[in-house]
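We have chain A; now place chains B and C onto it with these hints.
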Amino acid sequence: MSLDIKKIPAESFERVHIDSSHAERITKPSLSFWQDAWLRIRKNKAAIASIFILLFIIIMAFVGPMVSPHDAETQTITHANLPPKVPGLEKLGIFDGVGTLAGKEVDLYEMKKVDTYYWFGTDGLGRDMFSRAWEGTQISLLIAFVAAVIDMVIGVAYGGISGYYGGRTDDIMQRIVEILYGIPTLVIVILMLLVMEPGVIAIVIAITLTGWIGMSRIARGQVLKFKNQEFVLASRTLGAGNGRIISKHILPNILGVIIINTMFTIPTAIFFEAFLSFIGLGLQAPDASLGTLINDGYKVIRFQPHILLYPSIILSLLMIAFNLLGDGLRDAFDPKMKD
Amino acid sequence: MEKILEVKDLELSFHTFAGEVKAIRGVNFDLLKGETLAIVGESGSGKSVTTKSIMRLLPEHSSEFKNGQILFNGKDLTKLTDREMQKIRGKDISMIFQDPMTSLNPTMPIGKQIMEPILKHRNVSKSVAHKEAVDLLRLVGMPKPEARMKQYPHQFSGGQRQRIVIAIALACNPQVLIADEPTTALDVTIQAQILELMKDLQKKINTSIIFITHDLGVVANVADRVAVMYGGKIVEIGTVDEIFYNPQHPYTWGLLSSMPSLDTAEEKLYAIPGTPPDLLSPPKGDAFALRSDYAMKIDLEEVPPFFKVSDTHYAATWLLHPDAPQVDPPLAIRERMKKYPGSRYYEGTEGGTY
Amino acid sequence: MAEKLLEIKNLKQYFNQGKPNEVRAVDDISFDIYKGETLGLVGESGCGKSTTGRTIIRLYDATDGQVIYDGVNVHDKKSKKDLKEFNRKMQMIFQDPYASLNPRMKVLDIIAEGLDIHGLVKNPKERKEKVVELLETVGLNREHADRYAHEFSGGQRQRLGIARALAVNPEFIIADEPISALDVSIQAQVVNLLKELQEEKGLTYLFIAHDLSMVKYISDRIGVMYFGKLVELATAEELYANPMHPYTQSLLSAIPLPDPDYERTRVRKSYDPANHNYQDGEEIAMREVTPGHFVYCSEKELESLRALSSSK
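Protein chains in written order, with our numbering: chain A, 32 to 370; chain B, 174 to 527; chain C, 27 to 338.
One chain only, chain A, in its complex shape (with noise of 0.2 Å):
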């Protein structure tokens, strides 16, 4: 302890008056929820990363199909099985058109006499793998974002109205629930496929139709958790209603939570698509998705493996992009990482 006392001006000790709502000033920007979680997500390279992947791939979904100068449904049968072949690339030495034939290492464009560049080589009908590939990106990605929405949908409002209320209406559809899910999802979804035609519709039924629980078992819980917060309770003095507790109070604390578990079930519907479809369930041809190309590629994996290729690792880097930014959503979200 220091106890030297210095000599110190007399003008020094004047009393001063500081007006006390000084004191009562928040010196901090502020911030809303959304803008703090944003400026947490923005921190995490990871999720930007994914971010920026995700965008890459939904934005080639849609432009890719175009901007090839192949069609995805032209069949050219003399142009059949030929390995990638990019311009400029070629003279590296990789993606030059060789690939194997009985053995040996022939440049297949040139047999073949193609004078054309095929980016992701062709499949065994002489489709363009580029074009199809990314057809099929786009397929999976739309079912899987509206299945992911109706899933939202339906959990959401049955498990909001099933905790909100709660007492007999929690335990009646509790009970349901818990049916619904002791049946296994792939008998009803084999068994609905046989009565209804395959198709883009029938597949996002099949995926709904015992997703959305674990969302509504999500949006129980914390429905459950918010609604004796003592803000709700605060409202509820003031005499609002059921509709403006939910939609002010319950939904915007829940919303976090519920895109977090979103984006979790978008990938989630892309395997589960790829699978039904590899497992031949899924879509017929001519109509491609990731899992149907999969499908295909998998036959020919040992003499053309860029069939297989190139719709896999466009599954692989959507699943890890989705499951990479939902848990980065998860930390900007979660309250206990604040400081």
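FYI, nobody ran anything at the bench for these hints, they're computed from the structure.
Heads up, some of the hints might be wrong.
What the hints assert, rightly or not - Quick list of in silico lysine-lysine cross-link-like pairs, DSS-like style, CA-CA up to 30 Å:
hint, chain 1, residue 1, chain 2, residue 2
1, A, 279, C, 148
2, C, 132, C, 45
3, A, 59, C, 156
4, B, 441, C, 221
5, B, 195, A, 76
6, C, 156, C, 110
7, C, 295, B, 372
8, C, 115, A, 258
9, C, 154, C, 115
10, B, 239, A, 59
11, C, 148, B, 441
12, A, 279, C, 154
13, B, 239, A, 76
14, C, 295, A, 258
15, B, 377, B, 248
16, A, 59, B, 248
17, C, 110, B, 441
18, C, 107, A, 279
19, A, 279, C, 115
20, A, 258, C, 156
Claimed, not checked - Simulated coverage check for chain B against chain C, where a stretch passes if three residues somewhere in it have a Cβ under 8 Å from a Cβ of chain C:
hint, segment
21, 387–395
22, 422–429
23, 442–453
All residues carry an ideal CB built from backbone N, CA and C; glycine is no exception.
Frame of chain A, contents of chains B and C only:
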């Protein structure tokens, strides 16, 4: 008296998303053998952080020792490795937390939890540890200790759980016991029992206690010495009588006068205006000046050093500088000072001038 | 005494009624609250004091009993309009300053909620002006209106909660442990504010707390609760000077005061309900021992209490 723990110029910061929070800004105090030192302050004053830094319980990725030493029996705790620290934690220094619900493991019988530190830190057999655990439970006033050894935390009430937590903390006869708001979560009648128990045990085993609380009533009950913290610094330190009957720092004045007393009927309570400082950008000079009715120009410019009031009593306020004008503390404080020989408002006859 | 604003008659609030885990949170309590007074309600956690407050304001439907506000039983089935009117007259301030403000809303919208629900303002400009006025009433200002709750300190948040309750011009406010989560230096700010508002607006308070020294300071009368029962009710002065129920005595003797000399001599009394030795069939009820001082006791205890108080 022998010093068992010395905290010297401790400075510690947290690195948060919003920037560097200077949670402790130069804290000095000693803990003597066998005494109870109470640290009082409001939330965010740095009282909990100070003791957590003694135990090295702060998250390593976000907290940083900027400066200073924590000397425990001459050893600097800030320099120890994690492994060396583990040997001290729970054995030489142990800690009681605020919430007895969460400081016990709900899936382990309480007997096992009490035996754990004994088995870990002392080379004894299981049967000896078991016997000692039973003795500890008896010591903290648990009826039928043998039978209760096998029970789980949820089978006990809040007050009993806190007794168990104390038993665990005392298992290795620690030299220092840090109690971080141990009674805040309890009801008054249970709080009274726990405080009595702690005082009783201290006499029996001669442990030094650092008692953190924001409740001045509890401080008056348990403490030998009191350190008042504000804005990451100790602003006043002294014996319990000095702090309660002869306080010198305007913040201490504010704290003491904002409590209503049971026997007088004040028309209006004294309220310290404003809110505690934001340690992201601590104010220049005396952190309390912005809320003080006694602020002087210099308070806004320079941090006050500690001025000596007596051998045991120091306060960091420019009001104590010999050139500073003499001010009258608030009425409630003058009332208190009347009881204290040595203050200039003393009305007793024991002599004593200022 | 002044006119009664609120009569609570045989109020009961049982949870899980009829099931093995039935909890009698509030077990047949009756008391009156007079216009303009502050009635303190103290007791330890789990004694039912908060449940009493929440049942009065209809956050819970009472199991049995009546809450008569201005001559009308508020627990009767009523129209939406009547209920809304009732919600305007009776307001509540909550305990946890962190949980009682919606983290996603701006202060402006939080405080204006009552105004919106009851249609008390016509346009956004008037709404903003009214909110600013309320903010100034509680010692905050215009700048704070556009901020979010998490940017405020505990004491400021509690004042925001008060401003929200005041927005609808209530007559009666239930303050449910409004200061127990605050620091000592901030408690006084909030208590002073509540007192000032009471004088200015003629408010009536039900002040629920476990901090007995603050309760004594703010209350005119105090009720002590123990396990769902009201055990003693008297004026604040009388209760502290002359506690009669052994539980009240034990509670008062347990409070530590910021006075080391007093603490060195304080003797704590403990309370054991078995010491009453009530016989079977003995009727235990709230009985008036001295004027205005009610104690939950048997006929026999009443006599000895009367004898004791007259000998003093």
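Outcome of the hint check:
no. : hint               : verdict
1   : 279(A) with 148(C) : holds (20 Å)
2   : 132(C) with 45(C)  : violated (43 Å)
3   : 59(A) with 156(C)  : holds (25 Å)
4   : 441(B) with 221(C) : holds (9 Å)
5   : 195(B) with 76(A)  : holds (27 Å)
6   : 156(C) with 110(C) : holds (20 Å)
7   : 295(C) with 372(B) : holds (18 Å)
8   : 115(C) with 258(A) : holds (23 Å)
9   : 154(C) with 115(C) : holds (22 Å)
10  : 239(B) with 59(A)  : holds (24 Å)
11  : 148(C) with 441(B) : violated (38 Å)
12  : 279(A) with 154(C) : holds (19 Å)
13  : 239(B) with 76(A)  : holds (29 Å)
14  : 295(C) with 258(A) : violated (41 Å)
15  : 377(B) with 248(B) : holds (26 Å)
16  : 59(A) with 248(B)  : violated (40 Å)
17  : 110(C) with 441(B) : violated (35 Å)
18  : 107(C) with 279(A) : holds (21 Å)
19  : 279(A) with 115(C) : holds (23 Å)
20  : 258(A) with 156(C) : holds (28 Å)
21  : 387–395            : holds (count 8)
22  : 422–429            : holds (count 3)
23  : 442–453            : holds (count 7)
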